[in-house]
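Protein chains in written order, with my numbering: chain A, 1 to 311; chain B, 1001 to 1259.
Hint data in this document are derived by calculation from the structure and do not stem from the laboratory.
Please note that a few of the clues may not be correct.
[What the hints assert, rightly or not] With a Cα cut of at most 20 Å, we get these calculated PhoX-like pairs of lysine-lysine:
no.: 1; chain 1: B; residue 1: 1036; chain 2: B; residue 2: 1237
no.: 2; chain 1: B; residue 1: 1037; chain 2: B; residue 2: 1248
no.: 3; chain 1: B; residue 1: 1107; chain 2: A; residue 2: 306
no.: 4; chain 1: A; residue 1: 205; chain 2: B; residue 2: 1107
no.: 5; chain 1: B; residue 1: 1203; chain 2: B; residue 2: 1036
no.: 6; chain 1: B; residue 1: 1137; chain 2: B; residue 2: 1202
[Unchecked claim] Every beta carbon over 10 Å from chain A, so not counted as near; a handful from chain B, in silico:
no.: 7; residue: 1057
no.: 8; residue: 1093
no.: 9; residue: 1103
no.: 10; residue: 1130
no.: 11; residue: 1160
no.: 12; residue: 1172
Cβ coordinates follow ideal geometry from the N, Cα and C atoms, glycine included.
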Amino acid sequence: MSANNTTDLSQVSNRLAYNAMRNWKEKLIEAILLGAAAISVLTTIGIVYVLVSESVHFFSNVSIVDFLTDTQWTPLFDDAHFGIMVLISGTLVSSAVALLVAVPMGTIIAIYLSEFADSRVREISKPILELLGGIPTIVFGYFALLVVTPILQYFFPTLPGFSLLSAGLVMGIMIVPYIASLSEDAMRAVPMSMREGAYAMGSTKLYTAIHVVVPAAISGLAASYILAISRAVGETMILAVAAGMQPNLTWNPAEPAATITSYIVQVALGDLPHGSIGYQTIFAAGLTLLLITLVFNILGQWLRAKYRENY
Amino acid sequence: MQIQETPALKAEARNLNFFYGENKALKNINMPIYDKKVTALIGPSGCGKSTYLRSFNRMHDLYPGNRYEGEIRFFPDNTNLLSADVDPIEVRMRIGMVFQKPNPFPKSIFENVAYGLRVRGENNRRVLDDKVEHALKGAAIWDEVKDRLSELASNLSGGQQQRLCIARALATDPELLLFDEPTSALDPIATGAIEELVHELKKRVTILIVTHNMQQAARVSDYTAYMFLGEMIEFGKTDEIFIKPQDKRTEDYITGRMG
Ligand SMILES: Nc1ncnc2c1ncn2[C@@H]1O[C@H](COP(=O)(O)OP(=O)(O)OP(=O)(O)O)[C@@H](O)[C@H]1O
Ligand SMILES: [Mg+2]
Chain A
1 MSANNTTDLS QVSNRLAYNA MRNWKEKLIE AILLGAAAIS VLTTIGIVYV LVSESVHFFS
61 NVSIVDFLTD TQWTPLFDDA HFGIMVLISG TLVSSAVALL VAVPMGTIIA IYLSEFADSR
121 VREISKPILE LLGGIPTIVF GYFALLVVTP ILQYFFPTLP GFSLLSAGLV MGIMIVPYIA
181 SLSEDAMRAV PMSMREGAYA MGSTKLYTAI HVVVPAAISG LAASYILAIS RAVGETMILA
241 VAAGMQPNLT WNPAEPAATI TSYIVQVALG DLPHGSIGYQ TIFAAGLTLL LITLVFNILG
301 QWLRAKYREN Y
Chain B
1001 MQIQETPALK AEARNLNFFY GENKALKNIN MPIYDKKVTA LIGPSGCGKS TYLRSFNRMH
1061 DLYPGNRYEG EIRFFPDNTN LLSADVDPIE VRMRIGMVFQ KPNPFPKSIF ENVAYGLRVR
1121 GENNRRVLDD KVEHALKGAA IWDEVKDRLS ELASNLSGGQ QQRLCIARAL ATDPELLLFD
1181 EPTSALDPIA TGAIEELVHE LKKRVTILIV THNMQQAARV SDYTAYMFLG EMIEFGKTDE
1241 IFIKPQDKRT EDYITGRMG
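Excised from the complex, chain A in its bound form (with noise of 0.2 Å):
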């Protein structure tokens, strides 16, 4: 009886040995992970206080007020002025060129890849798209500069060797195969049992297209649109390369202008000493950036909430 005891108890005591050591791996494992999250959200965070502190300097030596207002992006010269509104307009200009041509040519792509190519086909473009998108983006910058710009001056001789028209059409090709991507595979993810339904009623392919698989899968569109945006306004060697560098308020896709990416670039570059207000316009532009990527964002998550299918 008590012999049998004490072996009961070391195989209870063996078992949890076995349990302590599981329990400890499993805590290492944990810990590794929440190590990598923390990273990123300590990144994150990092960068938002350096951007916000910085800025902080560079706000009390100029008022929001002019930041909003002026006309006039000057910080290095002895009259400063330091309109963010001449940076934004560039950056909104070349973004919504990029656009029209990425929404509707990544959607067109995508519908046909969805909905009408065969998976030969399909197995063949899918790569390839994917392709143009690790191209660097300096190689579009020159691109555009090299070669869609002489072809646009072709036909129309008054424009420009840098414009915001030439980037922002050689942007959209950039971004043409994430919005493909993306809206591709949120159209396949929409069952097969409602195409029947389409199809049972007599819609032709293109009709069950348009009509019913894109609004099923209208939340995962619009999150490719967003994404495409952010892209667009985060982009930089494209426009430092094709759109000229000069400050320029303008809604003229045909001018040259300075974005707010083409800006920091440049300013980066350069020598300014730490601690100038030159030197901190470049950290009040880069907020603006992040403000207006997260306002973006908070849009694709509401619209994502508010057209969230449930199939």
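Based on these hints, arrange chain B with the ligands on the given structure of chain A.
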């Protein structure tokens, strides 16, 4: 003296074979579908009921590798629905279908029912309003949705969604309605509502319904066909099939010794 009157034919399968690639799923099916009657298809899982049903509106054309042989004649015009030079879209314009799982479109209740009318080019608001109301009444769901026609259809309960899908199919006045286990995803009360509806609808339209539920087949249908391994084993009046089936396999299935 008894006068045996045969109803008019709405459709007839003649030597129908169907292949999923190499796999022969329907074997030489011959069967009449009578006008303004309910015909039930019963048989064990995998015997080919859905395959047969989906041949009528050429749903198999949506997928590559499928092949029909033989004919399905459609009356009064005696068209062969399976003929290569008959456009499947024309076929589907005349034949409605209600699926196993309710599949409303991501649109409002109104637009779901108006869908088929719009596909047919009808955009006159007055006509649409009229036909949508008529269809919703026909599907016995008008009272439940008349105040919320602009709401998303996905907000409805499963049973309501299924009746909405019936309304959607009814709105275009189909000549034949196909039901593939329309109540298998519904509770008994919603099932009862649909069964009553089927009973009501046969005044207007010919119905072909697949069901796994013997009682349902007995309750709603005038004719019953028993299928087994892709073959049509027995076809007859529902009461005759259920009371004295001719084939041993039918009897075994109905009495629950199989399937
Ligand atoms: N897409 C397909 N490709 C290949 N074979 C298929 C396909 N769909 C069905 N089959 C086969 O065809 C046969 C008939 O299937 P079907 O779906 O018509 O049966 P069913 O009688 O409707 O069954 P259930 O009662 O389970 O719905 C089955 O053997 C099935 O495996
Ligand atoms: Mg089936």
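Hint by hint, here is what the structure shows:
Only pairs whose Cα atoms come within 20 Å are accepted, and residue 1036 of chain B paired with residue 1237 of chain B is accepted, the gap being roughly 14 Å. Using a Cα cut-off of 20 Å, the hinted pair residue 1037 of chain B and residue 1248 of chain B is violated, with the two alpha carbons roughly 26 Å apart. A C-alpha spacing of about 14 Å is found between residue 1107 of chain B and residue 306 of chain A, which places the hinted pair at or below 20 Å, so the restraint holds. Between residue 205 of chain A and residue 1107 of chain B, the direct Cα distance comes to roughly 18 Å. Compliance with the 20 Å bound is thereby established for this hinted pair.
Distance restraint check for residue 1203 of chain B and residue 1036 of chain B: the Cα-Cα separation of roughly 6 Å lies within the 20 Å cut-off, and the hinted pair is therefore satisfied. A hinted pair counts as satisfied when its Cα atoms are at most 20 Å apart, and residue 1137 of chain B with residue 1202 of chain B qualifies at roughly 15 Å. At roughly 6 Å, the least C-beta separation between residue 1057 of chain B and chain A is not larger than 10 Å, which violates its mark as non-interface. Not every beta carbon of chain A lies more than 10 Å from that of residue 1093 of chain B, the smallest distance being close to 4 Å; the non-interface claim is violated.
Distance to chain A contradicts residue 1103 of chain B as a non-interface residue, since its nearest Cβ pair spans about 4 Å, not more than 10 Å. Once the 10 Å rule is applied to beta carbons, residue 1130 of chain B is consistent with being away from chain A; the minimum gap is 19 Å. Remark: the non-interface label on residue 1160 of chain B is consistent with the geometry, its nearest Cβ contact in chain A lying 15 Å away (cut-off 10 Å). Residue 1172 of chain B, annotated as away from the interface, has a beta carbon of chain A within 10 Å; the closest lies near 7 Å.
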